[in-house]
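2 protein chains.
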Amino acid sequence: MGRYSEPVSHALKSSKANPAGELALLRRICQRAARGKKNLALKLGIGDDCAILAPPTGEEILVTTDFSLEGRHFRRDWHSPESVGHRTLARGLSDLASMGAKPMAAFLSLALPLSAVKDSHWLDGFLDGLLGLAEACRVPLAGGDTSESPSEHILADIVLLGSAPAGTALRRSGGRAGDLLYCTGTLGGAAVELASLPLSKLRTWSKGETQPHLFPVPRLGVGQKLGQSGKVTACIDISDGLSTDLAHLCNASGVFAEVEAAALPLHPLAAKLPRPAALAAALHGGEDYELLFTAAAAFRMPRSLAGVPITRIGRLLPRRKGKSEVTLMSDDGARRPLEPAGWEHLR
Amino acid sequence: MGRYSEPVSHALKSSKANPAGELALLRRICQRAARGKKNLALKLGIGDDCAILAPPTGEEILVTTDFSLEGRHFRRDWHSPESVGHRTLARGLSDLASMGAKPMAAFLSLALPLSAVKDSHWLDGFLDGLLGLAEACRVPLAGGDTSESPSEHILADIVLLGSAPAGTALRRSGGRAGDLLYCTGTLGGAAVELASLPLSKLRTWSKGETQPHLFPVPRLGVGQKLGQSGKVTACIDISDGLSTDLAHLCNASGVFAEVEAAALPLHPLAAKLPRPAALAAALHGGEDYELLFTAAAAFRMPRSLAGVPITRIGRLLPRRKGKSEVTLMSDDGARRPLEPAGWEHLR
Chain A
123 MGRYSEPVSH ALKSSKANPA GELALLRRIC QRAARGKKNL ALKLGIGDDC
173 AILAPPTGEE ILVTTDFSLE GRHFRRDWHS PESVGHRTLA RGLSDLASMG
223 AKPMAAFLSL ALPLSAVKDS HWLDGFLDGL LGLAEACRVP LAGGDTSESP
273 SEHILADIVL LGSAPAGTAL RRSGGRAGDL LYCTGTLGGA AVELASLPLS
323 KLRTWSKGET QPHLFPVPRL GVGQKLGQSG KVTACIDISD GLSTDLAHLC
373 NASGVFAEVE AAALPLHPLA AKLPRPAALA AALHGGEDYE LLFTAAAAFR
423 MPRSLAGVPI TRIGRLLPRR KGKSEVTLMS DDGARRPLEP AGWEHLR
Chain B
123 MGRYSEPVSH ALKSSKANPA GELALLRRIC QRAARGKKNL ALKLGIGDDC
173 AILAPPTGEE ILVTTDFSLE GRHFRRDWHS PESVGHRTLA RGLSDLASMG
223 AKPMAAFLSL ALPLSAVKDS HWLDGFLDGL LGLAEACRVP LAGGDTSESP
273 SEHILADIVL LGSAPAGTAL RRSGGRAGDL LYCTGTLGGA AVELASLPLS
323 KLRTWSKGET QPHLFPVPRL GVGQKLGQSG KVTACIDISD GLSTDLAHLC
373 NASGVFAEVE AAALPLHPLA AKLPRPAALA AALHGGEDYE LLFTAAAAFR
423 MPRSLAGVPI TRIGRLLPRR KGKSEVTLMS DDGARRPLEP AGWEHLR
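These protein sequences, in sequence, are chains A and B. At position 155 of the first sequence the residue is numbered 277 (our numbering), and the sequence of numbers has no breaks. At position 139 of the second sequence the residue is numbered 261 (our numbering), and the sequence of numbers has no breaks.
Incorrect hints may have been included.
In this list, chains with the same sequence are indistinguishable; a pair is considered to hold if it fits within one copy or across any two.
[Claimed, not checked] Below, simulated SDA-like cross-link-like pairs (lysine to any residue); rule was C-alpha separation at most 25 Å, straight line: (1) Lys-165 x Gly-180; (2) Lys-160 x Ser-295; (3) Lys-394 x Gly-455; (4) Lys-347 x Phe-421; (5) Lys-240 x Arg-198; (6) Lys-160 x Glu-181; (7) Lys-165 x Pro-178; (8) Lys-445 x Arg-298.
Treat the hints as calculated values from the structure; they're not laboratory data.
Please take these sequences and the hints and turn them into a complete structure.
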């Protein structure tokens with residue numbers, strides 16, 4: 123019920139309330155999805171009760187699901203439909219990236235209020251954003267569910283399946299005291315861009331400027347190279363903010379950590395701010411979707427992977443009673459506890 | 123973000139709005155899920171960015187997602203929390219059953235309004251229902267996402283992964299003219315029970331009476347036996363009503379069909395009604411979650427499989443221009459077109 127695979131039933135079911143709307147929604151998604159890239163692992167996509175996937179021999183399957191709910195994860199007055207579609211998929215892809223997996227298929231559950239079903243502009247933009255990123259990352263939209271939303275809120279839930287050679291998936295839990303701590307790309311850009319959204323009508327983006335909040339780039343290539351290297355001891359994506367996600371990694375690995383403020387690679391948007399604000403954005407700003415990972419100090423980490431810069435930003439320490447889980451070494455060399463303080467997005 | 127795997131971040135993120143609620147929600151789900159049955163295919167459950175599954179060698183993966191949205195798929199004044207939890211999982215399991223798959227893992231995305239987070243009664247009942255069925259069907263809850271709902275509606279999305287030996291998954295598309303048409307169990311019970319829900323305070327259920335709408339039983343055992351038999355040409359679950367789901371099967375298989383009214387196995391709740399109402403419930407009532415399938419006429423179909431009765435209810439015919447896709451042979455032997463008229467549940 124309510125599945126992509128049952129457009130006839132949808133037409134019928136919705137015929138009592140909404141003759142054209144829900145059917146149009148389904149047709150549009152199916153048509154657009156059918157145009158997307160295929161994937162050898164996908165044996166049967168939209169059109170039956172389940173999709174069928176044949177994962178590559180010797181590989182394990184990785185699965186993640188993420189809500190994107192209007193009013194919680196996005197606002198229609200701040201986020202364009204293209205951005206919502208892009209971000210919905212990017213959240214799931216970043217979870218695959220953080221474990222070194224290659225995307226295999228995406229499944230989208232989408233509920234739209236009647237107003238947004240009738241106005242195909244929003245759905246078209248959303249699908250442009252979602253399927254554009256899907257195409258770039260070679261992940262087919264293989265199924266999902268649709269419904270009319272019970273409220274005025276747009277509701278999406280994305281499911282990503284990926285694969286990785288058995289035993290190679292990166293986890294949060296393998297970090298050891300003495301390991302060095304690295305991150306990809308730059309930090310703080312998404313938080314600064316988010317803070318500017320309510321004012322964005324006053325702001326013009328320079329051409330070529332990245333939009334780390336509205337159009338984050340999941341680090342799939344880097345994640346896969348890190349997984350293949352066999353040298354990465356722990357990895358997580360920075361979705362809730364460095365301070366919070368590092369606490370997760372420490373917690374799962376049973377270690378403490380120290381971060382060097384001077385080493386943090388600031389996004390150009392953050393670098394423009396006064397130093398304390400720039401640091402706060404880099405340490406606590408959410409949704410940068412960079413990878414945070416660790417490797418033995420003896421391992422010679424490349425300066426970039428898959429075209430993305432890698433920066434050493436600290437190290438792992440043994441747990442010590444009475445000490446902080448995470449310490450920040452400030453620009454002046456002083457050490458202070460770094461409490462997890464990831465952002466509550468949109469609040 | 124917003125994942126089971128990140129309770130610390132949730133505690134922090136929710137601390138501004140709701141100090142105890144969302145954290146309690148996460149803790150409760152994780153604790154309860156951890157107590158559930160394990161599954162050999164599940165290598166890593168709740169606690170990282172993704173779950174890791176190792177499907178049995180030589181098997182394909184089947185994936186389905188289904189929304190359960192308050193006001194669209196259930197009502198809190200009609201459905202107990204236990205029923206909502208049970209039905210949420212049953213919808214996904216029935217999709218696996220219809221393709222002959224064995225369940226491997228479930229993923230739950232759940233958004234509760236603050237009122238339902240604070241009152242743990244609803245969540246506890248929901249988890250009782252969902253995890254009770256999960257336990258019975260040996261499917262672990264391996265991950266998902268949580269959020270505060272942006273409205274007063276409870277929002278759930280269930281994802282099921284299953285597996286089946288490569289090439290054996292049943293599809294809707296293999297039916298051939300001349301095949302006989304079968305269904306499992308009985309029909310019409312869910313529709314009659316649904317119609318009684320607004321009056322249910324006036325009604326007392328007899329002990330041992332099934333509750334086909336509130337607690338449907340997904341036909342996993344039958345589905346797997348049908349898949350293993352290699353004799354079933356097409357299969358679908360009856361979620362939207364026989365008339366609608368048979369139209370899907372005919373459409374996918376490129377055939378027409380004839381149903382014999384006299385052969386339809388009526389649920390006891392439907393059998394109590396006057397004949398026209400009983401037939402309408404069996405033909406168009408949704409959510410029976412029985413299987414509808416076809417096999418060559420020469421195949422000797424058992425009268426029951428996995429303890430569930432199997433009934434021959436009609437046959438497949440060649441497509442003929444100007445004729446109806448599905449015909450109903452009435453009790454009096456007259457043939458009339460059977461238009462798909464599956465129920466819009468809750469409308």
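Now for the hints, and whether the structure bears them out:
Taking the shortest alpha-carbon separations for Lys-165 and Gly-180, both the intra-copy value of 18 Å and the inter-copy value of 14 Å come in at or below 25 Å. Proximity of Lys-160 and Ser-295 under a CA criterion of 25 Å is satisfied inter-copy only: 21 Å between copies versus 34 Å inside one chain copy. For a Cα distance limit of 25 Å, the shortest separation of Lys-394 from Gly-455 inside one copy, 23 Å, qualifies, whereas the shortest one across copies, 82 Å, does not. Proximity of Lys-347 to Phe-421 under the C-alpha cut-off of 25 Å is restricted to the intra-copy arrangement: shortest distance 15 Å within a copy versus 53 Å between copies.
Taking identical chains as interchangeable, the C-alpha atoms of Lys-240 and Arg-198 lie at most 25 Å apart only when both belong to the same chain, with a minimum of 16 Å there against 28 Å between chains. For the homomeric pair Lys-160 and Glu-181, the shortest alpha-carbon distances inside one copy (19 Å) and between copies (21 Å) are both at most 25 Å. In this homomeric assembly, Lys-165 and Pro-178 come within 25 Å of each other (Cα to Cα) both inside a single copy, at 12 Å, and across copies, at 17 Å. In this assembly of identical chains, the alpha carbons of Lys-445 and Arg-298 lie at most 25 Å apart only when taken from the same copy (17 Å versus 72 Å across copies).
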